[in-house]
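Colleague: Sequences and hints are given; from them, build the entire structure.
One point on numbering: in UniProt numbering, the residue at position 181 of the sequence shown is 181, and numbering is uninterrupted.
No lab work stands behind these hints: they were computed from the structure. One should not assume that every hint holds.
Simulated restraints on C-beta separations [to be verified]:
1. P153 to D248: 45 to 53 Å
2. E303 to Y203: 32 to 40 Å
3. Q140 to N103: 14 to 22 Å
4. H178 to P53: 33 to 41 Å
5. P265 to Q165: 26 to 34 Å
DSBU-like cross-link-like pairs, simulated, lysine-lysine; straight-line CA separation at most 35 Å [to be verified]:
6. K280 to K259
7. K247 to K79
8. K61 to K280
9. K23 to K70
10. K64 to K327
11. K272 to K64
12. K64 to K20
13. K247 to K224
14. K24 to K64
15. K327 to K114
16. K114 to K61
17. K58 to K259
18. K337 to K70
19. K280 to K70
20. K61 to K24
21. K20 to K259
22. K177 to K61
Glycine included, every Cβ here is placed at the ideal spot set by N, Cα and C.
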Amino acid sequence: MGKKGILLVNLGTPDSPEVKDVKKYLDQFLMDGRVIDIPRFNRNLLVRGLIVPFRSPKTSKLYKEIWNEKGSPLLYYSKVQTAMLQEQLGDEYQVELAMRYQNPSIESALANLKTGLVESIRVIPLFPQYASASTGSVIQLIMELVGKWHTIPNISFVNSFHDNQLMIEVFAENARKHNPESFDHVLFSFHGLPERQIDKSDYVAKSYNFRDVSQREDYNDGNKFCYLAQSYHTAKLIAKELNIDRKDYTVCFQSRLGKEPWVQPYTTDVLKRLAREGKKRLLVFSPAFVADCLETLYEITVEYHEEFRELGGEHVQLVESLNDHPKFVEALVAMAKG
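Modeller: Structure follows, in structure tokens:
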């Protein structure tokens, strides 16, 4: 019997924090039709004519703030997760890592599995909640690439793992290091999406209205594939693990790009509300990520902390991501074995 192939895929990172590499990364990322889902001609004008030229220098500076001797934190922890998973699975498996954007590429990782003559490929997109712009993009590209092979092995995908119990336990364990009871309020800040992308959801009940927060919170068969419903469910499960009452936490969405409506509430608006209410210390989870990255290490730890202090608050504390926690690797083992 041949080896079984496992492909872990994360979002991606520039090869370096220098402007030229950030430009390449942003260009590939934002030209993805599932990320900016407008006609290609318009997308090309917007991305290559406006966003990439103006955002690259600024984004380069931000990456330089989180880059360290190990390089990109997201790539570093992704490599560690891959190595730990390979060790746990043993010689019967061949584990490869890819990034949806930049390196190591999905194409090169698939080529490695093909050269290894694996008997099957199990793809695990490293996004706990399904979104067309993340998991959907990974699955589409892999199907396009493998669809060109003459011989196609058995391929399966992990669609989402937003309610994985081991993942929930890791976030809870990481939070306990900071004594959650010492904070005035808890935020679950997920990566945002344009409302139009949620409007396009074609695997939800016709009666489901994502703009109604109560419907987001009621996770059921009618909305179980909705990014928002999965996000609220993740937050609910972590809060339950930590005995955090519903009134003591808020689900919100960060990283908005552009002026069009994105899913709300925006994290920045929640910070303003909590400051007006006299809250001083906030504990913030970012459960859309399995490894700390620009959105957690800078956007939350630096930008939101500074913004909250300017509003009269005192401290914003990030709960570390799953990173190299052995229990998360246990979760990956179970997903790999299907």
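Colleague: Which hints from the list above does the structure break, by number from lowest to highest?
Modeller: 7 and 16
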